[in-house]
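Participant: All you need for this note's numbering is the position in the sequence shown, starting with 1, plus 3.
Read the hints as simulated data drawn from the structure, not as lab findings.
Computed from a predicted structure; not experimentally measured.
Heads up, the beta-carbon is just placed ideally off N, CA and C, and yes, glycines get one too.
Please note that a few of the clues may not be correct.
Heads up, simulated DSSO-like pairs for lysine-lysine below, C-alpha to C-alpha not over 27 Å straight-line [to be verified]:
(1) Lys294 to Lys167
(2) Lys56 to Lys227
(3) Lys294 to Lys220
(4) Lys205 to Lys256
(5) Lys56 to Lys167
(6) Lys294 to Lys56
(7) Lys220 to Lys205
(8) Lys294 to Lys205
(9) Lys287 to Lys56
(10) Lys220 to Lys117
(11) Lys294 to Lys256
(12) Lys56 to Lys205
(13) Lys159 to Lys220
(14) Lys205 to Lys227
(15) Lys294 to Lys227
(16) Lys205 to Lys160
(17) Lys167 to Lys117
(18) Lys227 to Lys256
Label-pair ranges, simulated between beta-carbon atoms [unchecked claim]:
(19) Val213 to Gly107: 22 to 30 Å
(20) Gly91 to Gly148: 16 to 24 Å
(21) Ser299 to Pro110: 40 to 48 Å
(22) Asn228 to Glu89: 28 to 36 Å
(23) Arg96 to Pro46: 40 to 48 Å
(24) Ser94 to Thr57: 30 to 38 Å
(25) Gly231 to Lys159: 31 to 39 Å
(26) Arg162 to Lys294: 32 to 40 Å
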Amino acid sequence: MMAKRMAVRGAVCSALVALTLVGAPGGMLAAQPAQATSLYDLPKYAAILVDAKTGEVLYSRRPDAPRHPASITKVMTLYLLFEAIENGEISLRDRISFSARAAGQAPSKLPTRKGDTITVEDAIKALTVKSANDVAVAVAERLGGTEPDFAEMMTKKARYLGMKNTRFVNANGLPNPNHSTTARDIAILSMATLQHFPQYYKYFSEPEFVYANQVMKSHNRLLKNMPGADGIKTGYTVAAGFTLAASAQRDGKRLIAVVLGGPSTMARDQNVQALLEAGFDVMKSRAIGMKTSVASYMSEPSDVPGFELPAGIEQGSGDGAATPKK
Numbered sequence: 004m005m006a007k008r009m010a011v012r013g014a015v016c017s018a019l020v021a022l023t024l025v026g027a028p029g030g031m032l033a034a035q036p037a038q039a040t041s042l043y044d045l046p047k048y049a050a051i052l053v054d055a056k057t058g059e060v061l062y063s064r065r066p067d068a069p070r071h072p073a074s075i076t077k078v079m080t081l082y083l084l085f086e087a088i089e090n091g092e093i094s095l096r097d098r099i100s101f102s103a104r105a106a107g108q109a110p111s112k113l114p115t116r117k118g119d120t121i122t123v124e125d126a127i128k129a130l131t132v133k134s135a136n137d138v139a140v141a142v143a144e145r146l147g148g149t150e151p152d153f154a155e156m157m158t159k160k161a162r163y164l165g166m167k168n169t170r171f172v173n174a175n176g177l178p179n180p181n182h183s184t185t186a187r188d189i190a191i192l193s194m195a196t197l198q199h200f201p202q203y204y205k206y207f208s209e210p211e212f213v214y215a216n217q218v219m220k221s222h223n224r225l226l227k228n229m230p231g232a233d234g235i236k237t238g239y240t241v242a243a244g245f246t247l248a249a250s251a252q253r254d255g256k257r258l259i260a261v262v263l264g265g266p267s268t269m270a271r272d273q274n275v276q277a278l279l280e281a282g283f284d285v286m287k288s289r290a291i292g293m294k295t296s297v298a299s300y301m302s303e304p305s306d307v308p309g310f311e312l313p314a315g316i317e318q319g320s321g322d323g324a325a326t327p328k329k
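All chains should be modelled from the sequences, with the hints used to inform the complete structure.
Facilitator: Below, the structure written as structure tokens:
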């Protein structure tokens with residue numbers, strides 16, 4: 004058990020490699036001592052780990068601090084699309100048209116023009132795999148008439164689901180100072196999507212999507228790097244940092260981890276995986292009567308009750324970047 008804990012802590016620490024490299028003469032990178040053992044000290048960082056079935060919070064770090072979700076926003080866009088399919092308002096075979104506004108969205112996007120169409124099923128795959136901003140707006144306009152009206156539908160649904168601290172102003176998560184959520188609210192949305200639409204959850208596990216003879220790979224690297232991982236959604240903007248809502252299943256247990264404000268894809272992914280691995284170990288320990296916690300695996304103090312960072316307002320760039328530009 005101790006060896007396992009050290010491995011998990013090592014994963015958290017190694018996620019800081021990207022933070023401890025600075026420019027050196029001749030363009031070389033020189034390693035500097037890490038200043039922390041987790042991402043806790045990063046101002047944008049927030050995280051939560053929950054049992055997907057019971058909703059029990061196994062770990063949290065600033066779970067209710069306002070954050071920008073970036074493309075995790077599209078999980079709500081998809082939730083409303085799944086709901087419309089189940090209500091008979093639209094079918095997987097129907098086609099969605101691209102307006103000039105939809106086709107003109109910033110990347111990540113498909114190669115679309117005004118008047119192009121896409122099937123609903125391909126739209127789902129474009130959102131889960133490619134995180135296509137143009138498709139998100141096209142879906143919003145089809146279901147809501149206009150994207151602002153659809154964003155109101157998104158926020159109304161968020162309140163219905165219990166997402167008390169979320170406000171959506173667009174369907175794709177591109178930066179807007181009024182567009183915000185929390186790690187806890189994203190966990191609630193992820194749980195609701197799993198529980199209410201299990202028949203569509205498979206789309207979050209798709210490793211690639213082919214459109215216009217182009218093969219597009221999923222941004223969610225955990226799908227191939229972590230046993231049991233099968234969703235859900237990544238995101239990136241300058242305002243948000245690197246974000247990920249991830250779900251994994253082992254031994255009949257499903258956990259959801261949400262990390263917002265990561266400094267890089269590597270740090271974010273390793274932190275999410277460390278949380279999930281620790282969570283599964285805790286579940287195993289409980290099964291044999293041992294008392295332990297996820298926090299005991301993470302080299303950091305437990306939460307300070309009520310502590311939150313003040314909300315920040317930033318602008319950012321498009322989704323899907325591999326590394327933030329300096």
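Participant: The structure should be examined with respect to each hint, and the outcome stated for every one.
Facilitator: Here's how the hints hold up against the structure:
Annotation: proposed proximity of Lys294 to Lys167 is violated, straight-line Cα distance about 32 Å (limit 27 Å). In summary, the hint linking Lys56 to Lys227 is supported, as the alpha carbons are separated by about 24 Å, within the 27 Å threshold. At most 27 Å may separate the alpha-carbon atoms for a hinted pair to count; Lys294 and Lys220 exceed this at roughly 41 Å. For the hint pairing Lys205 with Lys256, the CA-to-CA distance comes to about 17 Å; that is within 27 Å, so the pair holds.
Distance hint between Lys56 and Lys167 is fulfilled; the C-alpha atoms sit about 20 Å from each other, no more than 27 Å. Proximity of Lys294 to Lys56 is assessed by CA-CA distance (about 20 Å); at most 27 Å being required, the pair is judged to hold. With a C-alpha separation of about 16 Å, the suggested pair Lys220 and Lys205 falls inside the 27 Å cut-off, and the hint holds. For the given pair, Lys294 sits about 34 Å from Lys205 by alpha-carbon distance, which is inconsistent with the 27 Å threshold.
The straight-line distance between the Cα atoms of Lys287 and Lys56 is roughly 16 Å, inside the 27 Å bound, and the hint therefore holds. A distance of roughly 25 Å separates the Cα atoms of Lys220 and Lys117; the hinted pair therefore holds under the 27 Å criterion. Note on Lys294 and Lys256: the hinted pairing holds, with a Cα-Cα distance of about 18 Å set against a maximum of 27 Å. Between Lys56 and Lys205 the alpha-carbon distance is near 18 Å, which keeps this suggested pair within the 27 Å criterion.
Between Lys159 and Lys220 the CA atoms are separated by roughly 32 Å; this puts the pair beyond 27 Å, and the hint is violated. A C-alpha spacing of about 15 Å is found between Lys205 and Lys227, which places the hinted pair at or below 27 Å, so the restraint holds. Taking the CA atoms of Lys294 and Lys227, the gap is near 31 Å; set against the 27 Å cutoff, the hint is violated. This hinted pair checks out: Lys205 and Lys160 have alpha carbons roughly 22 Å apart, not beyond 27 Å.
Straight-line distance between C-alpha atoms of Lys167 and Lys117 comes to about 36 Å, which puts the hinted pair past the 27 Å bound. The hinted pair formed by Lys227 and Lys256 meets the criterion: a straight-line CA distance of about 19 Å does not exceed 27 Å. Under the hint 22 to 30 Å, the C-beta atoms of Val213 and Gly107, about 23 Å apart, fit the expected range. The hinted range of 16 to 24 Å is satisfied by Gly91 and Gly148, whose Cβ atoms lie roughly 18 Å apart.
Checked against the hint of 40 to 48 Å, the pair Ser299 and Pro110 passes, with Cβ atoms roughly 42 Å apart. Remark: the range hint 28 to 36 Å for Asn228 to Glu89 is upheld by a beta-carbon distance near 32 Å. Remark: the range hint 40 to 48 Å for Arg96 to Pro46 is upheld by a beta-carbon distance near 46 Å. Between Ser94 and Thr57 the CB atoms are about 34 Å apart, so this pair conforms to the stated range of 30 to 38 Å.
The supplied range of 31 to 39 Å is met by Gly231 and Lys159, whose beta-carbon atoms lie about 34 Å from each other. Between Arg162 and Lys294, the C-beta spacing of about 36 Å keeps the proposed range 32 to 40 Å intact.
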